[in-house]
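Residue numbers (this note's numbering), protein chains in the order written: chain A, 73 to 501; chain R, 73 to 501.
FYI, nobody ran anything at the bench for these hints, they're computed from the structure. Treat the hints with caution; some may be incorrect.
Copies of the same chain look alike in the list, so a pair counts if it works inside one copy or between any two.
[Said to hold, decoys possible] In silico DSSO-like links for lysine-lysine, alpha-carbon gap of 27 Å or less:
no.: 1; residue 1: K115; residue 2: K469
no.: 2; residue 1: K303; residue 2: K115
no.: 3; residue 1: K183; residue 2: K386
no.: 4; residue 1: K386; residue 2: K167
no.: 5; residue 1: K393; residue 2: K303
no.: 6; residue 1: K469; residue 2: K183
no.: 7; residue 1: K386; residue 2: K115
no.: 8; residue 1: K469; residue 2: K386
no.: 9; residue 1: K115; residue 2: K167
no.: 10; residue 1: K93; residue 2: K183
no.: 11; residue 1: K167; residue 2: K393
no.: 12; residue 1: K115; residue 2: K393
no.: 13; residue 1: K183; residue 2: K303
no.: 14; residue 1: K93; residue 2: K167
no.: 15; residue 1: K393; residue 2: K469
no.: 16; residue 1: K303; residue 2: K93
no.: 17; residue 1: K303; residue 2: K167
no.: 18; residue 1: K469; residue 2: K303
no.: 19; residue 1: K393; residue 2: K183
no.: 20; residue 1: K93; residue 2: K115
no.: 21; residue 1: K393; residue 2: K93
Protein chains: 2
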Amino acid sequence: MSRSLNRLSCTEIVQGIADGKLTAEAVTRDCLDRIDAREPTLKAWAALDRDRALQQARELDRAPRRGVLHGVPIGVKDIIDTFDYPTQMGSEIYKGYQTFGDAACVSFARKAGAVILGKTVTAEFAGMSPGPTTNPHNPAHTPGGSSSGSAAAVADHMVPVAFGTQTGGSILRPASYCGVVGYKPTFNLINRAGIKFAAETLDTVGLLARTIDDVDLVTAALVNRAPSLGKTLESAPRLGLCRTPLWDTAEAETRHAVEDAASRLSAAGASVREIVLAEEFSRLYQASRETINNYERARSMASDWAAHGDRISKVLGDRVKLGMATPQTEYVEALRLAERCRALVEPHLEGLDAIIAPCTKGEAILGLGHTGDPAFQQFWTALYVPTMSLPTHRGPKGLPVGIQLVAARYRDEHLFAAARWVMGRLGQG
Amino acid sequence: MSRSLNRLSCTEIVQGIADGKLTAEAVTRDCLDRIDAREPTLKAWAALDRDRALQQARELDRAPRRGVLHGVPIGVKDIIDTFDYPTQMGSEIYKGYQTFGDAACVSFARKAGAVILGKTVTAEFAGMSPGPTTNPHNPAHTPGGSSSGSAAAVADHMVPVAFGTQTGGSILRPASYCGVVGYKPTFNLINRAGIKFAAETLDTVGLLARTIDDVDLVTAALVNRAPSLGKTLESAPRLGLCRTPLWDTAEAETRHAVEDAASRLSAAGASVREIVLAEEFSRLYQASRETINNYERARSMASDWAAHGDRISKVLGDRVKLGMATPQTEYVEALRLAERCRALVEPHLEGLDAIIAPCTKGEAILGLGHTGDPAFQQFWTALYVPTMSLPTHRGPKGLPVGIQLVAARYRDEHLFAAARWVMGRLGQG
């Protein structure tokens, strides 16, 4: 293989190692070299140890094939426990903090043969206060957040795949801004043991990668199913086009991406039906983003707030304070609204292969002080449906703009198949 | 007050301190004295530090009233994080393990003025392999589990209230066996940040206390609502009597407790209607207890299993192995069945104040090698509904036998009101 090995996909790495054409060590070394070259600009890593990574790789090279991820380097968002790297939460409060063991997702990835390359930068406690990471397409722009380091590292070919988490839009927004594939599974499909909660009824563990197959492969290892690599739809899909009640807040490039995708996919044979949601949905954003998020934040951060409140950013501290003051009745009303919306969206998704929706407000915003608006991602997170961002378009500054693809709960594999069909028609933007 | 202060309820303690008739220190001291006297028999505590407890109490006595739990000593199940005591999970793997901070529930209790007295014994990782705790009514019998120490300590007047967690029957079974009030809230009503997961879609944080008001008071502090102390139903309740598909497996004392309760409450003016559940429910126990539980256990224990599998009991290790082998399709089917049953039980609960159901198979079993059968508690845990055990009856050996009271999701306060009405008619068994 003539390409630098850090540019390979997970599936190529696994195949190459199985065929005896590659070693895990060589792949890991090329990833580390890329990191050496680009990290001063990208600042995507919170903890990385060259020797530890290479040692894992060499052990895998000496051992029989351990599983479907044998030799695949993986990045881990820094709110997810790892026994061999500190978990620092993007906060000086947790500087050097060493967890007892691995999170469930990390342990399963390791068991399947992954090389835990290091920890990727997260916004403070997976919230809105950014870390130092820059956008690989233009370092003056945010990579998005809160899975900032995971998105940037994958986009920049430092690592083929990385774990992220999404409470609002923390996987799909950085994926869209950085031009990679983001995947937020059906709520709770990937086990959450060993992650620091932001808001427990919304937090979802997911993945960022450069191909749909790679997302599929890693997920398969975590949930105990066979990968469905390359599997696409047998016939042109029935698609929904859902602008959501937030449509008017989208920038021109996002409206263009969604409408252009719909029209090209329609021309390619897909049926595309406009989906208009009930009035309830217009209140969903507020209910999940404010009420549920704040109430649960006040609890997930209660101990940190009590002991180290002075070292928590104002933006996060304000949320904690709002959440402390939120009465239970308001919280339960918001939970009930979210539940009603989940039930109401199901009939829309039945009979469709997927819904196309805006993914972000627009391309990555200028500056590193804010990770962008989570509204379009939060909307679907609160509905518990599996959703992906696909890097199909570009904005006026030449930065990536993704579209969002959504399927019914637990139809994650079908979502992958639909996404392959869509990417096959639209291509990388 | 002439009673030893360790026999007071939380509401009495808070009132006594507010009235200047008591100090937190005096209450804590009497609890500690009771523990000194009885702990050699009960073995309810995993970690306890007399000085640390008294110091907290003295600080509260010097400070202005901190909140609704000012001066209340509380026990914490040993899978729940505390910054000032180790969290040892009932496993030698976690011997001396110190968490970074408090779990959300502990932090909120502390903020409201509770004295964190110490950590109570849990079965290994909140599973089925018992700790050393004995039943306060007869030390040859199990106290039930997995919240064994919390139930025994509360029943024996070592502490007025304690945190427990329930994945199957880990709060209500020991509550019933030890003759106290057990409360498993609506799923997720009490935030789970900072607890070690057993099975994340079932784990629920709850309470054990000697009165319904105490459960109400502590919950109110955690969820941000006003306590509804003493509030009972305005008129005689509409009750359901649900034997569940497991009825034939119940011992005579449990069948008697449920039928006696129904008949005496009916005589007191309640309407009692028999509830027969659809066929789906007969498969719920297997789906939740085996499929969901094992699959999620394999994940919550993945890291412990990989690094310390040789120090995990056979009974738990077997579950992990079964869970590792469970295909995702089976797991998702079980989740969907549980969801269908949740929807199916709602119409039964609407229009009722509460359902009466068996709580345990019978009185506490003889011996300390097994914590008893979780079937009757697991059934309702999987339905996400709030449920309580009330200590209304006794079995043939003179040991307590509880009845279970169940309400619709999020109607936890209404459940308390119904429970007060019921306890007012039946009295302590």
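Here's how the hints hold up against the structure:
no.	hint	verdict
1	K115 x K469	within (22 Å within a copy, 68 Å between copies)
2	K303 x K115	neither (35 Å within a copy, 57 Å between copies)
3	K183 x K386	between (40 Å within a copy, 21 Å between copies)
4	K386 x K167	within (19 Å within a copy, 37 Å between copies)
5	K393 x K303	neither (47 Å within a copy, 30 Å between copies)
6	K469 x K183	neither (42 Å within a copy, 50 Å between copies)
7	K386 x K115	within (23 Å within a copy, 46 Å between copies)
8	K469 x K386	neither (31 Å within a copy, 60 Å between copies)
9	K115 x K167	within (17 Å within a copy, 38 Å between copies)
10	K93 x K183	within (22 Å within a copy, 60 Å between copies)
11	K167 x K393	within (24 Å within a copy, 35 Å between copies)
12	K115 x K393	neither (31 Å within a copy, 40 Å between copies)
13	K183 x K303	within (25 Å within a copy, 53 Å between copies)
14	K93 x K167	neither (40 Å within a copy, 46 Å between copies)
15	K393 x K469	neither (38 Å within a copy, 52 Å between copies)
16	K303 x K93	within (25 Å within a copy, 73 Å between copies)
17	K303 x K167	neither (43 Å within a copy, 48 Å between copies)
18	K469 x K303	neither (34 Å within a copy, 63 Å between copies)
19	K393 x K183	between (41 Å within a copy, 14 Å between copies)
20	K93 x K115	neither (32 Å within a copy, 60 Å between copies)
21	K393 x K93	neither (56 Å within a copy, 34 Å between copies)
The structure fails hints 2, 5, 6, 8, 12, 14, 15, 17, 18, 20 and 21 (numbered hints given earlier, in ascending order).
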